[in-house]
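Chain by chain, the residues:
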Amino acid sequence: MSVPLLSLAGVGKRYGGGRRWWPPAQQAAATALAGVDLDIGAGASVGLVGESGSGKTTLARIAAGLLAPSEGRVQWCGRDVRALAAADRRAYRRGVQYVFQNPQTALNPRRRLGAILDDTLRGLTTLKRPQRQARIRQVAAQAGVDTALLGRFAHQLSGGQAQRVAIARALLGSPRLVILDEPVSALDVSLQAQILALLADLRARHGLAYLFISHDLAVVERLCEDICVMHQGRIVEAGTRAAVLGEPRAAYTRRLLDAVPRMRA
Amino acid sequence: MSRDASRVAAEGIATPALPVWLRHPGAVAGLGLLALVLLPALAAPVLPLADPAQTAPAQRMLPALSAGHLLGTDQLGRDLLSRLVWGARASIGVGVLATVIAALVGTVIGLAGAWLGRWADALLMRGVDVLMAFPYLLLALAIVAALGPGLGNAMLAIAVANVPFFARAVRGAALEIRHQDYIAAARLAGHGELAILAREVLPNLAPTLLLLMTTTLGWMVLETAGLSFLGLGAQPPAADLGSMLGAGREFLTTYPRVAVLPGLVIVVLVVGINLVGDGLRDLLDPRWVPRRPGAGLVATRAAGPVATRAAAPVATRAATPAAAPVATPVAHGRGGTGAACADDLPLLRVRGLEVRLPAPSGPVAAVDGVDLDLRRGERVALVGESGCGKTLTALSLLRLLPAGAVQRGSVRLDGTELMALAARDLQALRGRRLAYVPQEPLTALDPLFRVGFQIDETRRAHGADTALATPALLRLVGLSGVADLPRRFPHELSGGQRQRVALALALAHGPDLLIADEATTALDVTVQREILALLRRLCAEQGRALLFVSHDLAVVSTLCDRVLVMYAGRIVEDAPAAALLRRPAHPYTAALLGATPALGRPHKALSVLPGAPPMPGTQPSGCRFAPRCPRVQPVCHAGEPDLVPYAGRGEAYQGQDWDEGRRVRCRLPLEDEA
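For the protein sequence lines, the chains are A and B, in the order given.
Residue numbering for the first sequence follows my numbering, beginning at 1 and increasing consecutively.
Residue numbering for the second sequence follows my numbering, beginning at 1001 and increasing consecutively.
Next comes chain B alone, as it looks inside the complex (with noise of 0.2 angstroms):
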């Protein structure tokens, strides 16, 4: 269990949560704001204060650091610190005693309206709407106004009028928890419905709630100091900030500091109080991870890589002299691999390509030196266990990682340094040379445009012009027998067809290379079926380069020409598909294939390939595998195998080369000893 003790460290969970808590930069600035009103309102019966309703009208307006008067005094001569105090620690009391009035109607409210549902569940929420259909003032100095001024009238009128807030808040959130599977999980162990929603809702709503009361606190003190200010809270001779602040206003220009003092309070208590907020949710999210400052972005901008943000044509630091890398002599392959001749330049040419993610302890590669040659018309595919950094690899050939991710390494395209253009003329090169193809259609495809808007949006993106016309596109993908597809929304199509629109939006612009990732995973096999021999008739009819990421082999077995198999976020065997699938070389793609239950042989022994990839960051030192391999020799530990030309018994199959081109990174490949 040693990894998963390191995968644990490495996340940085198993942290107590004092630590944690003051690795929240937010949470701490906001506690100790909130300590510096906190404290002294709480402890103003022992402090040695002043009375602050204690008046002199001889002593009226004192300068700060008056004897006995450390901040002076206000208009009617009384201690201007002590009742600073005394009206922090009345604002206080009213807003936390309004949110917790709130949050427990509110909160039996939302549940009983998520839970009891249907009809329960309408009336509730109507008259909830009609609460919230009062602005929200007015409606607290209505009641206000109907049970007359004071602080108490004032605190409930507050909480009435929040109730709304938090009824909606806690119905939705449990509207969604109450379809998750736990709760189905908690029904199948016979547990009623309230010790459902006690165990099983509650804790899980506890962060909405608390980030709710505490961001609304600060709402409430606010309100409180409101309607104080306008003399419907607090009434003479007691006071809150809110009616200190009004009682100054009169004397803002001659003596600020009355009313300054106050609002400066105020500021710096709900200030305090919605860091603490932020900070409360941060800690009670089980998945929240503390960053460690500085560790990924300074080591990252210092080793000049070019940085990418998901989709947005915003890397314009790839564009400065300094960030534009060279492309790194190949380190991994031994110089020419064999895949291409030297007078036929490949397609896309790979080198030394690294993705790098932030991580707690500083980057990790999650790719590392990953070298691939595609030629005009090949379809590839790239496979391995998920977590081997197929789609990291896929995407930053694009250059479409996700925020925080790094790249570097070369990626030529017909001799273009992808990695070198401009954000400016990559987009141009995206979706005209090289489009990509997502793996789940439904999330790729805007929900609210229609299928056709969509269509023509992709197609004006280079120039409708020199695109296909959408007819010839949906003929293309096998759609111009659906009858008004184009004014359709993505939901009125079935799985299928959204991911035929996927494909015509990917192939608009009649790109040389296709890269899908996972494209067809999310269909089922029918369907499958229909979109692979699709796929196989693009790229075969138009001379057209794939590069088909997916974890299937059977499916990877129908499509493509040849294989990559990642493990560890390195190629770790580069095969012919029918050389790989018949006799693989590395034990890792071997223990796939024997992992791979095959339709018609239900009694073929599943090899068991135990544990799973060790996390970016954690490889082993030696072969990458080495930890999982059946076949591990002391040998496998002596450092990292290099990606080698692999001949094998060099057979002729069907006419050809069985084993041309092919690599393999391990020192005892499989065929060796038979």
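Here chain A stands alone, though its shape is the one from the complex (with noise of 0.2 angstroms):
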């Protein structure tokens, strides 16, 4: 079997618990995630769902390197991204990006959009200014995000083209990875077609894995072939799509299921 691309073995992380040197006592911990194995495999598209506070977004920030574990181990390629070289370290950096789920939040509100695409790709290439512009033009071009619009600032733009330039934003630098969290959950029905039309194309045609992360079943049903429920900062089912929403074994599984409110036609 062929190396997954991610892989988290024993991955958990906690908050608080240190010694407190006075009055000495032992802290309280929260534990936000607990022995969270995943492996993700270069093309895989995988889906998150769990309640709010299941850990979802703590265990997307961890594979992501933007939140040291507390315990357990992130791999990239095989190797611990905690001791990469050089070398490594960068293509780790290309090769993991993230959509967030407030795109107005997740841009600089002081910056115009054609000056943020152009520093993630000083960032993250070596390429000179006129090749930066050309690849920005080419992956705004692949989004769906009118040109004319790099000018603008974020809060110019509409949920749904904002949400765009977040997607071009972590193509640009050709990702292998993209850790989409909640990316569809703040925009109304017609645009959150818009942009899983838009991530199912950018998918198939650059042979993209996907974490994807929502509470909306429905959603990942759509864009994803695998399927881990987190629940209480574990996972507790993980499957392919056809196991775990045809026959789910987990109890919690199985309530969430059920919750899920259905058109009643």
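Because the hints were derived from the structure by calculation, they are not lab data.
There could be a bad hint or two in this list.
Which residues of chain B face chain A? A partial, calculated answer using Cβ under 8 angstroms [claimed, not checked]:
#1 Asp1181
#2 Ala1184
#3 Glu1200
#4 Ser1386
#5 Ala1394
#6 Ala1554
#7 Thr1558
#8 Thr1596
#9 Ala1612
Pulled from the structure, derived: some chain B residues nowhere near chain A, Cβ distances all over 12 angstroms [to be verified]:
#10 Val1028
#11 Ala1029
#12 Thr1055
#13 Val1100
#14 Phe1251
#15 Ala1420
#16 Leu1429
#17 Thr1443
#18 Asp1512
#19 Arg1628
#20 Ala1638
#21 Glu1660
Don't be surprised by glycine CBs; every beta carbon is placed ideally from N, CA and C.
Relying on the hints, combine the two individually framed chains into one complex.
Here's what the structure looks like:
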């Protein structure tokens, strides 16, 4: 079996819990994540579902290297991300990108979108300015962003347009894995359908792997072949879409599926 | 992209910087005042002024307009105008230098604290605290006392005394920025922390810093003047405004001019600086939109509408007879809309409801002629994309619109015209006859008070004797099992429990009508299901009507009997839930349904509805949905269709008329061709 792109083994995250020096006491710790094992192969599409506070975003941030785990190991192409050589570190940095839930807070409100994209490309690559401009135009076209919008600020865009820009930013460095943290939750169904179609198209075109976080099972079902169900900081069930949604084994998964409001027509 | 262009134009953003400057009256006034003092001060060396230090005892206290002395002379015969100009120059120079030094040092300390965190932050901030613990002027005095009097030392003292303010403010702002997603995004782009500080943090700190600097600059000028006034700043014969004030004080009764003039210059300088500071803050905020003077207020007052302010019972204008609107005749529904029989008066009857929002180009209608009827015990949903006017419609039923919004039309609850009620009478109805359930109960509950206190407060609002007892209320919303719930604070409850508390507050006085705005949107599905079941039970058991605002058709289908679909401020379809979901008549409804993913059908092709709803004020003249409609015909652009009864095929469904009371605002509804 080939080495997975990203591999998490026994990953946990605690907040607090140190020893207070005065008055000396052991402080209470909150466990956000415990014993998570997750492999994402190249081109895979993994959905992560669960309630708010179940640890989905913590897990995603650890996978992206934005947060250090308290325990466990994160591997990129079989190598521990804490001990990557410089070249591998750059590859990891370029290889994993993130799309946040709210594009308006994920784009610096005081910088023009073109400058934000250019900056991203400058950080990830050694391209010269004309090459960067060409790349930005290319990716913007793929993400359905009118290049005329790049002279604007984020707040001048609608939610759907801003999310397209955020997706374009994530794609600039040709990543192999894109982590999507509730990318359509803040959007109306009409825009949600647009963005879901875009994400499916981009994945097919670039062979991207997705780690797709959502509380909406119907959305995850559309986009992901594999689904992990999280509950209270643990993955309680993982498997193919058909297995998890069709024959759920964990009690919590069944409870979640029962609760989904269905169109009564 | 023409819609985007018009949207930007409507927000007035595309205008370049200079005209925006001129459209900010405060900044213009401030600049004017500042120029009055600053220009002569800057030009002092080249102006034909007398030597400010040249004494002439024979010519002391010459009156203004004397030959060679425009403003006269002081107690030593020195030219007052020259001394004012040179004094202002010294004061401004010291103020600016002190501000820059304090800002630089404070920013470095504040950023270091916010970014390094842990012990470095603790150490820096405790050091700042120590500085702050000294009374402010005392600290400056102590520093000058140690260094010796002189303008330079006074400047240093004032700079040091101001460092803590900058450090604190910068640290606070930086901590907030640090947790923003765009900082995480910059890290993902592989940028180092210093680059992130320079490129991402500083631009966002700049407004805070500039505002702080300009307001502090005013302070600093005052403080320099204060130290000089005490004789610790500028030493004779040099002068700044403060030392002139100090020297002139002795002659205040005999020659007030000598002290009043420097005082006046100080006032003009400081007020000018502060006004410019406020203007700068607005102009640096990319979201700031210049107001066109009078555009919003005058036009709407002329129309005699009711203006309300959020939650505050101050809409006194509503009480005046002139403002009481007449129930406008129904213009959009072709008379009797069929939703209610004449003998069975609906609980809520809304006619011609309009909500206007202020915009740079004048008020625009965000809700535009909404008619709706709600019968007792009926559960009605209001759906549509964001920006369609759902929330404004819901709020206007309670007359709780945000400040600046203006509503017209008729809202009758059980025959009582709410729009004509005085604020006090309306307040007596809110909570008792109609109640509101908010979307996010964490922000709707006061975080500082225990839940029990908040329930009691609501019960007492209309007399606790008629209200339900707290235990009964808690039982009603399924919270009786939670131990010592009344003793807890809102943050100690889960999201579902908070929403139940919000429901309990709404139910305390047994209202006839519940208005719930996205009341389950922020909840997890498992909790959402429980709240939906609770809402259904509360309505069914007690014959209570519900207006449920939502964007989620699946949620709506499990809860409501009837659905109103809103688009661009208008109701475009009104139908029984089952009929609407199975066979939508309006293309917009069909598009919404087609875009909703359904669990268990991952391969269902989602219909993609291009674009977004038009902004208020930019609606097309024909059918408002025509620009996005997949079935648009030339006829659709010729005037807007009315909301008319729609018969469909007249089929019966489960023993009742499938399309009873159905209305649609479309010339070419979907069913006709089927």
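Now for the hints, and whether the structure bears them out:
1. Asp1181: holds, 4 angstroms
2. Ala1184: holds, 5 angstroms
3. Glu1200: Holds - the Cβ of B:Glu1200 comes within 8 angstroms of chain A, reaching about 6 angstroms at its closest.
4. Ser1386: holds, 6 angstroms
5. Ala1394: violated, 17 angstroms
6. Ala1554: Nearest chain A Cβ about 4 angstroms off; hint holds.
7. Thr1558: holds, 5 angstroms
8. Thr1596: For B:Thr1596, the interface hint holds, since the closest Cβ of chain A sits about 5 angstroms away, which is under 8 angstroms.
9. Ala1612: Hint holds; B:Ala1612 Cβ to chain A Cβ min 5 angstroms, cut 8 angstroms.
10. Val1028: holds, 24 angstroms
11. Ala1029: The claim holds: B:Ala1029 sits with its nearest Cβ about 26 angstroms from chain A, beyond 12 angstroms.
12. Thr1055: Answer for B:Thr1055: holds, closest chain A Cβ roughly 54 angstroms.
13. Val1100: holds, 22 angstroms
14. Phe1251: Non-interface label stands for B:Phe1251: nearest chain A Cβ at 52 angstroms, farther than 12 angstroms.
15. Ala1420: For B:Ala1420, whose nearest Cβ neighbour in chain A is about 36 angstroms away, the distance exceeds 12 angstroms, so it holds.
16. Leu1429: holds, 32 angstroms
17. Thr1443: holds, 16 angstroms
18. Asp1512: holds, 26 angstroms
19. Arg1628: violated, 9 angstroms
20. Ala1638: holds, 25 angstroms
21. Glu1660: holds, 17 angstroms
Violation of the numbered hints given earlier is confined to hints 5 and 19; the remaining hints are satisfied by the structure.
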